[in-house]
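Participant: Residue numbers (the numbering used here), protein chains in the order written: chain A, 1 to 192; chain B, 1 to 93.
Keep in mind that the hints are not guaranteed to be accurate.
[Stated by the list, open to error] Here are the simulated lysine-lysine pairs, BS3-like style, with alpha carbons at most 30 Å apart:
hint, chain 1, residue 1, chain 2, residue 2
1, A, Lys71, B, Lys13
2, B, Lys48, A, Lys71
3, A, Lys71, B, Lys5
4, B, Lys12, A, Lys71
5, A, Lys29, A, Lys71
Rather than coming from a laboratory, the hints here were simulated on the basis of the structure.
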Amino acid sequence: MNISASKIEDCDGNAREDRPQYVEELTLKRKIRWQEGSPVVGDPVGLGDDLSDGYSHYRRRDELFHPDAGKFLTRLFDSEYINSLDDASEELGTNSTTISRACDLHGVSIPDESQSSDPQEGGTNSLTLPGGETWPLKLLQEPVYADVRVLSQLLATNGMSLGEVAQLLSDRLDRNVTESDVRQEAQRVNIL
Amino acid sequence: MRYLKQGIDVGKKIELGQLSHVELNSSNGGVMIEAISRGDEDTYVILKESGLDRGESIDLHEDAKVLGVVSVNSFVGNSLYYCIPVEVYGEES
Numbered sequence: 001m002n003i004s005a006s007k008i009e010d011c012d013g014n015a016r017e018d019r020p021q022y023v024e025e026l027t028l029k030r031k032i033r034w035q036e037g038s039p040v041v042g043d044p045v046g047l048g049d050d051l052s053d054g055y056s057h058y059r060r061r062d063e064l065f066h067p068d069a070g071k072f073l074t075r076l077f078d079s080e081y082i083n084s085l086d087d088a089s090e091e092l093g094t095n096s097t098t099i100s101r102a103c104d105l106h107g108v109s110i111p112d113e114s115q116s117s118d119p120q121e122g123g124t125n126s127l128t129l130p131g132g133e134t135w136p137l138k139l140l141q142e143p144v145y146a147d148v149r150v151l152s153q154l155l156a157t158n159g160m161s162l163g164e165v166a167q168l169l170s171d172r173l174d175r176n177v178t179e180s181d182v183r184q185e186a187q188r189v190n191i192l
Numbered sequence: 001m002r003y004l005k006q007g008i009d010v011g012k013k014i015e016l017g018q019l020s021h022v023e024l025n026s027s028n029g030g031v032m033i034e035a036i037s038r039g040d041e042d043t044y045v046i047l048k049e050s051g052l053d054r055g056e057s058i059d060l061h062e063d064a065k066v067l068g069v070v071s072v073n074s075f076v077g078n079s080l081y082y083c084i085p086v087e088v089y090g091e092e093s
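In isolation and in its complexed conformation, chain B is listed as follows (with noise of 0.2 Å):
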């Protein structure tokens, strides 16, 4: 088990095994993820989609782990933040 406390951003890779009690937090302009993982861990790639309405449908990868949602401010709006794993983009290219 390891207790996870860093940012992330967009494109950035992170190590995850199986995730419980997530928290992410925005602060200066920045997402920071606290969670615990348990387990073996694989690397993703950290992903998300802005703007949400409320009720909005969102279509993400089959393997896609959901972290959480974030409101930034009220001019961008709430942003889903999850991840795929790495190997999803060999298969893709």
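Excised from the complex, chain A in its bound form (with noise of 0.2 Å):
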């Protein structure tokens, strides 16, 4: 970690306008879920961008019948993350049976069920900064938002707002991180 003190000092918890170009191409993870994470198919969201536009190009439900579904639902398939039938009704929000009949329409062949997908864990066990420095959670304080060298590195360092710290930990650790918690714990260890 590269903690600085003036660079603490002029934090305020905005997005800094110097800040390192590998901030601006922080990217939300690959989920299997419909919006949560970046899609399965097509360019991950980043970091901060409206979620919904990153999936505007999906087919799903009823619209899985027109025609030009068919290549949508080629490519999911063909995505390294879709193994079953279960996994892509998960990442479109659509009943299985659907998505069953709609690539019987378009003549997509679904994987063997038994190939399906290990549940997403819902923890991990190391936190990957955005300059790619990687740490094992047991050495950062839980929850991560409250440790002040996590907190300095993003907001002070990576001059990254609340909401995306907030974001970036949400999407990293697999757990519901808000501005507001991010706010509370800058504050109360002085960043803010």
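Join the two chains, each given in its own frame, into one complex according to the hints.
Facilitator: Shown next as structure tokens:
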């Protein structure tokens, strides 16, 4: 971690204009669930971007029967993340019977159910910071958003806003971290 | 000539010729078509556009055949039911 006293002094909880370029390029992880994380098909969603825009190319529910939905379904089942009808159902927020009927209509083959993905775990053992450094969670305070080192790095060094920090930690740790949580802890440790 | 009376649902296939006297009715959450089908019949796939507002323009496939409009309830609004020849799916894939 790289902690600077002057950057902490200047930190006001808003995104800093001169922050590193790699912070601007942060994206949400791809996750199998409708409008959660980056979509499995298409470009990843940037941190702070509108999640629904990232899914605007998706076809779901009755739209799956439209003639042009065949290409989308093919791309969906070609994805390394989608290994079963249940995975597709979760990703599209659409019942599996509808997807199965649409695949039959479009001639898209569905993977064998026995190849189904393992359920996505709710947690992780480490946190990778925007600069690429990975920290084991056992070395950080619990909850992680209360750790002064993490807050200093993200808010001050990386120049991220409170909302961006909350979204990043929610995404990377598979937890619900709110902007209010981050603000409260940043005030407690005198970063704000 | 064939008297047609059957339930329709999005994604389902239906055999249709030249249609006349078409009526769509909704009941118990489903939609029923009644019509007269004449001549050679082809296989079509049922589709719908939901939540239509008055004056709204709709872009349908060039080979689409409009069946009618159904108002299921005030929450969902009006739905336009139409069908497309099943051959179109092979062309678009």
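Participant: Run every hint past the structure and note whether it holds.
Facilitator: Do the hints match the structure? See the list:
Pair hint Lys71 (chain A) plus Lys13 (chain B) holds up; C-alpha atoms about 20 Å apart against a cutoff of 30 Å. Proposed proximity of Lys48 (chain B) and Lys71 (chain A) is supported: the alpha carbons are some 20 Å apart, at most 30 Å. Among the hinted pairs, Lys71 (chain A) with Lys5 (chain B) is inconsistent with the structure: their alpha-carbon atoms are about 33 Å apart, more than 30 Å. At roughly 19 Å between alpha-carbon atoms, Lys12 (chain B) and Lys71 (chain A) fall within 30 Å of each other, so this suggested pair holds.
Distance check on the hinted pair: Lys29 (chain A) and Lys71 (chain A) sit about 24 Å apart at the alpha-carbon level, within 30 Å; holds.
Hint compliance for this structure: hint 3 is the single one not met.
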